[in-house]
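Read top to bottom, the protein sequences are chains L and F.
When the first sequence is numbered by numbering that gives the first Met the number 0, its final residue is 272 and no position is left out of the sequence of numbers.
When the second sequence is numbered by numbering that gives the first Met the number 0, its final residue is 272 and no position is left out of the sequence of numbers.
Please keep in mind that the hints were generated in silico from the structure rather than gathered at the bench.
Hints may be right or wrong, so weigh each one.
Any copy, or any two copies together, can satisfy a pair, since identical chains are not distinguished.
Subject to a maximum C-alpha distance of 27 Å in a straight line, what follows is the list of computed DSS-like cross-link-like pairs (lysine-lysine) [said to hold, decoys possible]:
no. : residue 1 : residue 2
1   : K171      : K62
2   : K26       : K62
3   : K126      : K1
4   : K103      : K234
5   : K62       : K1
6   : K171      : K26
Given next are the chains, with one letter for each unit.
Number of protein chains: 2
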Amino acid sequence: MKKAIGIIDSGVGGLTVAHEFMRQLPKENLLYVGDTARCPYGPRPREEVIDYTWEMVEFLLDKDIKMLIIACNTATAFALDQLKRELSIPVIGVIQPGARAAIKVTRNNHVGVIGTEGTIYSGAYEKELQKIKSDIHYYGLPCPPFVPMVEKGIISGNEALKIVDTVLEPLKEQEDLDTLILGCTHYPIIKPIIQEIMGNEISIISSGEETAREASTILDMQHLLNDDEGTPEHKFYATGERHVFAQMIHRLFCQFPDKQIQIMQTKLAKRMY
Amino acid sequence: MKKAIGIIDSGVGGLTVAHEFMRQLPKENLLYVGDTARCPYGPRPREEVIDYTWEMVEFLLDKDIKMLIIACNTATAFALDQLKRELSIPVIGVIQPGARAAIKVTRNNHVGVIGTEGTIYSGAYEKELQKIKSDIHYYGLPCPPFVPMVEKGIISGNEALKIVDTVLEPLKEQEDLDTLILGCTHYPIIKPIIQEIMGNEISIISSGEETAREASTILDMQHLLNDDEGTPEHKFYATGERHVFAQMIHRLFCQFPDKQIQIMQTKLAKRMY
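For reference, chain L alone in the conformation it holds in the complex (with noise of 0.2 Å):
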């Protein structure tokens, strides 16, 4: 078996990148972990965020991964730099996917940024932004009431769709944005939602799909492309409960075979109990 991409997020909601990468590396063996017991990552203090990632990042490495996903936008924004420095497999975040992606869809350099509070305010995704095009208008908002709207199932119909008019009400007044980066995984979930109070005109960037298409950029420049035609390998573990993980396994990815996936708990770090 080669070797496998690793994805660490601080829950459920990486698994709509996981997704990304069974659909656009189907070749790849991929190495999921979720922490899904000590989730939400967003509230918690910097160096927390660090040393849970980290702990992650160890139970991989110990797994001989070839390159990194950091699937969270909070851990992307206080870990990626470290990781980065300290690590000798390729690391990718979401944030500088979306962030690219962006400079590369608007047509006019307004960019909006929808996400937690926690990444929304660590200003990550301007600094990226203006990082490559100094000249990029910048609109981020934070939209607390996403996350808990989709964990609960409220994903589409009124309901939903009240939510997220109300939310994005001060989006709605900025005339001239031409794209909006969802900066939080759990949004693709409810993109349609975000597409129809938006208007078609905007183009909306998942970070994700971005991700999965870098990664595959970085494996094929340094070689490291799976090329076996067998089945691949889509191991998902979660430190907390396997029952609930394992629904919204089955729920999101429906069309691949049961097969190709199989789900565990684990403990991670001694320290984590």
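Position chain F against the provided structure of chain L, taking the given hints into account.
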């Protein structure tokens, strides 16, 4: 002055790629060489294309570029693997980024590619698509009338519409097609007409846009992005007549300030003339 990105092309088609670099990576210095004296490369034998490509590459290596972009589909198909093997700087062609973008965008895995006869008959796009995703259904269509049409300036209006409609007829019959790659650097100039003929449900991928995006990813990963805030230098060299080349550049790059752009003629290697 920080090191530049080098772009080589058989002539003027690659200017659409350079344009995307100026838009998506506005802080980067660029050196472009177009082999206008010997274009098109399409009908030339493989060994000749490889020789000419190396002459441009050596010209740019002497100027100490940090990355090489092969903005010509034919040169990518014939010379990319060799250049990647032999150069110590990152080398990016236009075929792989287009293929990867199509894999990201397609929802039903039915992908079309249009290009010159050389590009389509080389099978390079099909090979790249299937290297990553084996179950892609590929439809390749050579469109010989498009390059002369664009070079004559027939890029809008009824005549252009009629030509494109006739040439794309076989693709329109492929009802499952949801994604189309413009596998020739001239084609983005007639993208609006291609979209009109193919319908708005088809996602159209411009290899140039995607190549600039992937270059940005690789530069970022290798810590090679230019963070100077000064005005970048964009130098364009043609092996043929300066005047026509300059006209094309001024038409295409009208939104960029003239002072950034220098246009020169070069003889490349001695053996050229």
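Against the structure, test the hints numbered earlier, and report the numbers of the ones violated in rising order. 1 and 6
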